[in-house]
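Sequences and hints are given; from them, build the entire structure.
Number of protein chains: 4
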Amino acid sequence: MKLLTPNCVIRQIIRGFASMAKSNFAYVRQFETEDRCLPNTWIVVRVDGKGFHKFSEKHNFTKPNDERALSLMNKSAERVMNDFSDVIIAYGQSDEYSFVFRKNTSAYNRRASKLMTNICSLFASSYVFHWTEFFPDLPLLYPPSFDARVVLYPTEQNLRDYLSWRQADCHINNLYNTVFWALVQGGLTPKDAHLRAKGDSSEKNEILFTEFGINYNNLPEIFRKGSVLLKQKVKETCVKELKGETAESSPYERTVTQIHALHRDIIKRAFWDEYPHLLSNK
Amino acid sequence: MKLLTPNCVIRQIIRGFASMAKSNFAYVRQFETEDRCLPNTWIVVRVDGKGFHKFSEKHNFTKPNDERALSLMNKSAERVMNDFSDVIIAYGQSDEYSFVFRKNTSAYNRRASKLMTNICSLFASSYVFHWTEFFPDLPLLYPPSFDARVVLYPTEQNLRDYLSWRQADCHINNLYNTVFWALVQGGLTPKDAHLRAKGDSSEKNEILFTEFGINYNNLPEIFRKGSVLLKQKVKETCVKELKGETAESSPYERTVTQIHALHRDIIKRAFWDEYPHLLSNK
Amino acid sequence: MKLLTPNCVIRQIIRGFASMAKSNFAYVRQFETEDRCLPNTWIVVRVDGKGFHKFSEKHNFTKPNDERALSLMNKSAERVMNDFSDVIIAYGQSDEYSFVFRKNTSAYNRRASKLMTNICSLFASSYVFHWTEFFPDLPLLYPPSFDARVVLYPTEQNLRDYLSWRQADCHINNLYNTVFWALVQGGLTPKDAHLRAKGDSSEKNEILFTEFGINYNNLPEIFRKGSVLLKQKVKETCVKELKGETAESSPYERTVTQIHALHRDIIKRAFWDEYPHLLSNK
Amino acid sequence: MKLLTPNCVIRQIIRGFASMAKSNFAYVRQFETEDRCLPNTWIVVRVDGKGFHKFSEKHNFTKPNDERALSLMNKSAERVMNDFSDVIIAYGQSDEYSFVFRKNTSAYNRRASKLMTNICSLFASSYVFHWTEFFPDLPLLYPPSFDARVVLYPTEQNLRDYLSWRQADCHINNLYNTVFWALVQGGLTPKDAHLRAKGDSSEKNEILFTEFGINYNNLPEIFRKGSVLLKQKVKETCVKELKGETAESSPYERTVTQIHALHRDIIKRAFWDEYPHLLSNK
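Protein chains in written order, with our numbering: chain F, 62 to 343; chain S, 62 to 343; chain B, 62 to 343; chain U, 62 to 343.
It is worth saying that the hints were derived from the structure and are not from the lab.
You can take every hint at face value.
If several chains are the same, the list does not tell them apart, and a pair holds so long as it fits within one copy or across any two.
Below are the BS3-like pairs computed for lysine-lysine, each with C-alpha atoms no more than 27 Å apart in a straight line:
#1 K136 / K111
#2 K175 / K111
#3 K115 / K286
#4 K175 / K119
#5 K329 / K294
#6 K136 / K175
Since the structure is predicted, the reported quantities are computational estimates derived from the model, not experimental observations.
And the structure:
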């Protein structure tokens, strides 16, 4: 917010009024650089919690997964998707979230700084805004921060591999964390727990099953797969309220975009076959 | 937060454990680009409210200036300065804030994306976090977002001109807004108010004085000059509490960094002469 | 050429010997920036003559096309293609040449500066080196310079459209130039020639045919289509010469890469169907 | 060279004539990126020979220094300086040359690609163009190539340190090479020569003095210091030739820029004190 009048008016005023100030200082704008993303590539903005190890300890997050914290991440991501109509899919796990713009988006004229800072700040402010919905009894101790980056992927395969990389990361970390915390809660020191948890995948499954009676594959999918946010257009029936009139109002239909979360495999082809519009650039 | 164990351990595990996943997907990291800022230049990160015209209307901000809103901006900026020890001065006005790193900072290895997103998200989350302190009776309706950019300035003169540019902008907008809103509150339509307010500086001062009895120069400096945040090292006397002991504890001194706000001219040389350390790169 | 010994030795020496110099000055390397091209995109380097309007006048190039000059351009491009094994196709017209690297090239680690400057300087030095082959009686008056740029194209369609754009540009300029120069050589002033030549395509063809008896489509394809350079692997029969021996030597086969020039339409699909390896990233 | 008519005319024609071609393909220009250099910083373009170890062997360059080759490098650099009026100083040694633009140059709108490719290609074409002047009896076997990079330096100190770095490099390499080749020419194997030459500076001086009677400090300065190119404005007396007239012509004065080479220390302050205009940005 600069002024309460239209931009064209502002420019007019500033020109007429502040010619001295402008002529002396405004040259500094030339030091700004343009950072437009290469056209016709998938733009991914990944948001990542800063110092969330400490943050989760200070707020007593449940180990190895805190469903409230994951839901708050999802809620914040939903806020971002609602504001950025060209984000077609988002994927989150742990304290990170990736937002994928359609290939030919012209949001913010594809300027990387604009995209990453707007998304990152909206994500962060939403996290605080919605905190009490998910942690009604736990006050937020301090405002968290996130970093963000822009990465470009030229092909469908590159984009799918990126998302597969994040989901594989989710799996690897979650399996390790599940075993590690079961062992710690069972009485081992962190060091010993780590030594036992660092084996390969089948060893970890074995420990969980024989020592704790846990079948890893039965654990909630949100922990094992992370969260996929998709948009869906649905039809709503509305009734227009006519203010200050007694006339009856006729109901009408409109299309709205809803965001829903899935917790499923996005590495395999099946997911992409089911949602072909995601890669079709339509 | 990725794992609960040190990074070196994480790498070890991932190597041994998830070689399959890694070998297939991890190549996508190569698509990330490096964006280190040129060494030995002043790094400025400017945060700017997105859609704050609408935001201020929805929250009934006082016109032309809402002191609560400005104080909340200052509080959020203070949070940022506390977290970034290499930010030596910050300047804010309206819905924007500029943070200046010392020339030779190596914060985040001078990576532009890291700097702007961490600052921008901390600013935004702080804004929401501290909202109720400044607007105790006014619920925040939705989470705000900000954009941010990194600009580099090679010389002291360029840096000072940048800050002068922002303060001149503050002055120009505030004078106009003060006149405009006085006229509107006095009964003019926005259009007519604008027509009268768009004159030069002396015309505006004249309108304020003769028609509203306002001496512009007597208005609060925070409105006319914006806010400058500086760090100050102060000595504190502490008393160490010795837990579970009855022995007396001796008081001791420590140096802490305090942030204080000024509302004064930073265009003229006097300010910089008074705070020579700001430009000395010490 | 820095030294006559291996790099590892150089480093050893410099470390032991010039520690003073190093510690004081070598930090300046940190001011260099990395400019790697996005992976998995087509890298195009386009070289463009600087001030070739004047250059062509000073050297009395034949108007509207000088076949010697075009051949020299092609020869220089051939030099570049020979040195850069990952350049799979090149397209040239007038005083410009575009070199296309295969999508997954790792030449110079995909660093844009390295690619464009090496290609541009080799092109320029080759142009001078081969000058007398094409202009045996015309001394080169001064060394020409070229600029170059790197452009990335993510998809086959984008790449084909880029090359189509250059070939369409060749056609447009050549048709105009052909008409313009026919009229000028027929006695019109440049200004009047321009006025007549600036009509649409069919008007230009009409002028050429009715006034000069020229069927534009019968003009040499090198003028109308530009030049496409492709690589071809061919088998050669060699005879190894055994030095200082009288034993007979047996002939053997080897595969060598030859570069040949085509002058044909690359806008239409037929060309690409004929050379499917160009787009297959093999 | 695109057409033989002014640019404004070209644009007019292309607009009216080739609208089809334009609308389909010209979008590919959007994939080009801008790479303007940060304002108010020293722009250095360093040109570096590619594969000059091999090049010098193939052309039998004298070891450890070939004065003809160094003079050809200087001649090529002179060409560049003549074409780029904003290059205020250049420094060369071995097969490299650095060109320093004045801080506030707007040459090519400060676009890095334009600056480095134009300089690099002009350097390369000049090298071939002037070859026979310096190697009258030695045919050039193949066209050499060079790479180039742009580096920005924000302060005088950084710029001076950059040039000091290159001159220190010259000294280190030349002292080593001088010893190494003296030993090789004295009968040692390269390996043994290296073992003896790799000591510290005083050891190398000792070997040269006691074994070869060479006082290193008496060797030509062009070898030990490299070459510094500076511009000098000088007054020339001219006589205007009046064509086709018998009237006497009166002599008049004009100022021309001459480039002269120095071979002296640029690390110490004395040089810069002597040429204060170099750093004054005038």
